[in-house]
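Taking the hints into account, I'd like the entire structure generated from these sequences.
Heads up: the sequence lines are chains A and B, in that order.
Heads up: the first sequence begins at 323 in the numbering used here, then just goes up one per residue.
Heads up: the second sequence begins at 4 in the numbering used here, then just goes up one per residue.
Please note that the accuracy of each hint is not assured.
With a Cα cut of at most 20 Å, we get these calculated SDA-like pairs of lysine to any residue [as the list claims (entries may be wrong)]:
| no. | chain 1 | residue 1 | chain 2 | residue 2 |
| --- | --- | --- | --- | --- |
| 1 | A | LYS769 | B | ILE111 |
| 2 | B | LYS95 | A | THR700 |
| 3 | B | LYS95 | A | PRO599 |
| 4 | A | LYS769 | B | THR84 |
| 5 | A | LYS769 | B | ARG137 |
No lab work stands behind these hints: they were computed from the structure.
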Amino acid sequence: MLRSIALWFEERLHLMKLFEATAGHKVPPSTNSWFYVFGSGTLLCFVLQILTGTCLAFVYVPSTNEAWTSLQYLNNQQFLGWFLRAVHNWGSIFMVAIMTLHLVQTFLFGAYKYPRELTWVSGCFLFICTLGMAFTGQVLRFDQDAYWGLGIGASIMGRVPLMGAQMVHLMLAGPTIAGETLSRFFSLHVFVVPGMIIALVSLHLRLVLTRGINEYPKPGSVVLKDAYETEYEEMIEKTGVPFVPNVIGKDLIFSAFLVIAIVTCALVFGPAGPSGPPNPTLIHTAPKPDFYFLPIYAILALLPAYMETFLLLVLPVIGLAVLILLPFYSGTGEKSYRRRPMAVVIVTLAFLTIGLLAYLGTYAPWSPHMEAWSSAATPPEYVRGRSALELQGAILIQGKQCRNCHSLGGEGGLRGPALDTVATRLTRDQLIRQVIQGSGNMPAYGKNLSPEEVTALVAFMQTLRPSYQPAARDSTQAASANSLTSDMRASR
Amino acid sequence: MIQIDQRAGCGCAKTAPAKGVAAQPSSRRNFLVKVGAGLNTIAAAFIGVPLLGYVLSTFKRESTETWISLGPLDTFPEGETRLATYRNPVNKPWDGDTAEVPCWVRRIDPQTFQVFAINCTHLGCPVRWFQASRLFLCPCHGGAFYEDGSRASGPPPRGLFEYRNKVESGELKVLGGHLPTLAEPL
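Shown next, in the form of structure tokens:
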């Protein structure tokens, strides 16, 4: 009975032929490896994102007036709404992570080389589209961070030469962040970019079938344009095994663990945000991007200002061109990473750089701690036994918001150096000059402090050194016996 | 297996026109294809041009600037800098709170004001005023500005964006209507 039903469909759909041409196509047996599971893993994440995203769109309202409220509704009232939001968020995090692993694996295994150039290029565009999904998705979580994130996007667009203003208007769908901005990003996130991803995935998979899957590279076996295809075909004919059922096992196991990991993270950590409502008049906020964009957030604080426009507008274009065109300038030769030390160095350096920048981005040492002046405590030993003038200086250090950028006893901003041992580094004259004129990242306080206040502030800072370390001395003056003895007294 | 399929496919493609040739004179078929392609190009332009126009309509820079009242003068004490908000004159019914725009108003003397955009000139984050140190500080990358809006330190490439302002019938008014950026300051 079942057999006759199956045959009825087979007669009409030629499913066996379809199977042999797709899932059952022959692949090199060496690809039956745990290194080859990241592509299907990324695709699985994408499917999961479509499923959860579609369900979220049942409830989400893409209107600037209602979006934040509908997210609150999803989190707190809609049955399992919080769970779907959490899965969607963690699905995106895993998708970016697994896709990065896929990119690194294909790079290290030389899979981008002849004749799989187009597979690599389409993969690069998939990577860009996925990051586009990450940014637009962050906007749909329409909270304070999303609002100011859009402002940052607009500020970046505003740096485009000649047509900056037009680019800003195009991005925001008007002169300000308003109703149409969110609708535009909703359309991009839900229709435009997913459509592009589906088209690119189709191309990517078609190429996997027509150009075959990269064999596990052996060190010393070199790709030559004239010989490779014949060699590959011969290998498939001699030793090729059908992808289903011979090779798919590891993909299935990895996929199952992936889903379990995403759901576990969603259950343990819950949904992301929304943070405060997207009301621009609530200015007591420190906008921060999602983790994918933390490295960019970090590098914009750390590089000199004159490099920023280049970094924002030119470098990404160069970087993407170098990545996308890789198979065209390095399309033949050695595939195995064991014989490509530079490839390994590049991957290691890229991971170190991006990882370090992202780590710095998590605690943003360059950002002033806006509340530190009123909330950070002064360690009691810094005020014990101080004179009235010095104590007045200690109060000024709080009141004049110095602590927003300078820490004492580990509390306060990290924008400027900690002041715990400042007296060992700067003399009295240098302290006065620094306070009045500022320099580097420090504003000049000359206009905001009376001479008496400067005297008090500097008197307090001169006490900030451990007893075992002498105070800074002006090296142009010979060390006088007097100052030496006073140092010795202090160290006692 | 794939190769066999492809060869079969190629075979089909070669045999198909042969049948067509037998059924129809090729010049007539070519003519119909050309007319069809031509008509479709026109049809594509019919739908494509309005679509592009719709999407790119925001690309055109429009002057949306209007004078907006920030309230009576006595809400701004002399010598102080206060946060003021206004509702963006170019708004839509579904804009909600996003149409509320904050700005910093500094009253220098009874008739002289400076009104600064909230957006840091580095990347647009909201700067905060610190009365005691008379500085605007940005929470994102640590940009700092003096009370007159000039750049004090950090990554911002210029001083704060400043609205044009005027005093009219006892109210402070500013010329606004767009998000200030380096390409399009206020």
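Evaluation of the provided hints:
no.: 1; hint: LYS769(A) / ILE111(B); result: holds, 15 Å
no.: 2; hint: LYS95(B) / THR700(A); result: violated, 50 Å
no.: 3; hint: LYS95(B) / PRO599(A); result: holds, 18 Å
no.: 4; hint: LYS769(A) / THR84(B); result: holds, 16 Å
no.: 5; hint: LYS769(A) / ARG137(B); result: holds, 9 Å
Of the hints listed earlier, the one the structure fails to meet is number 2.
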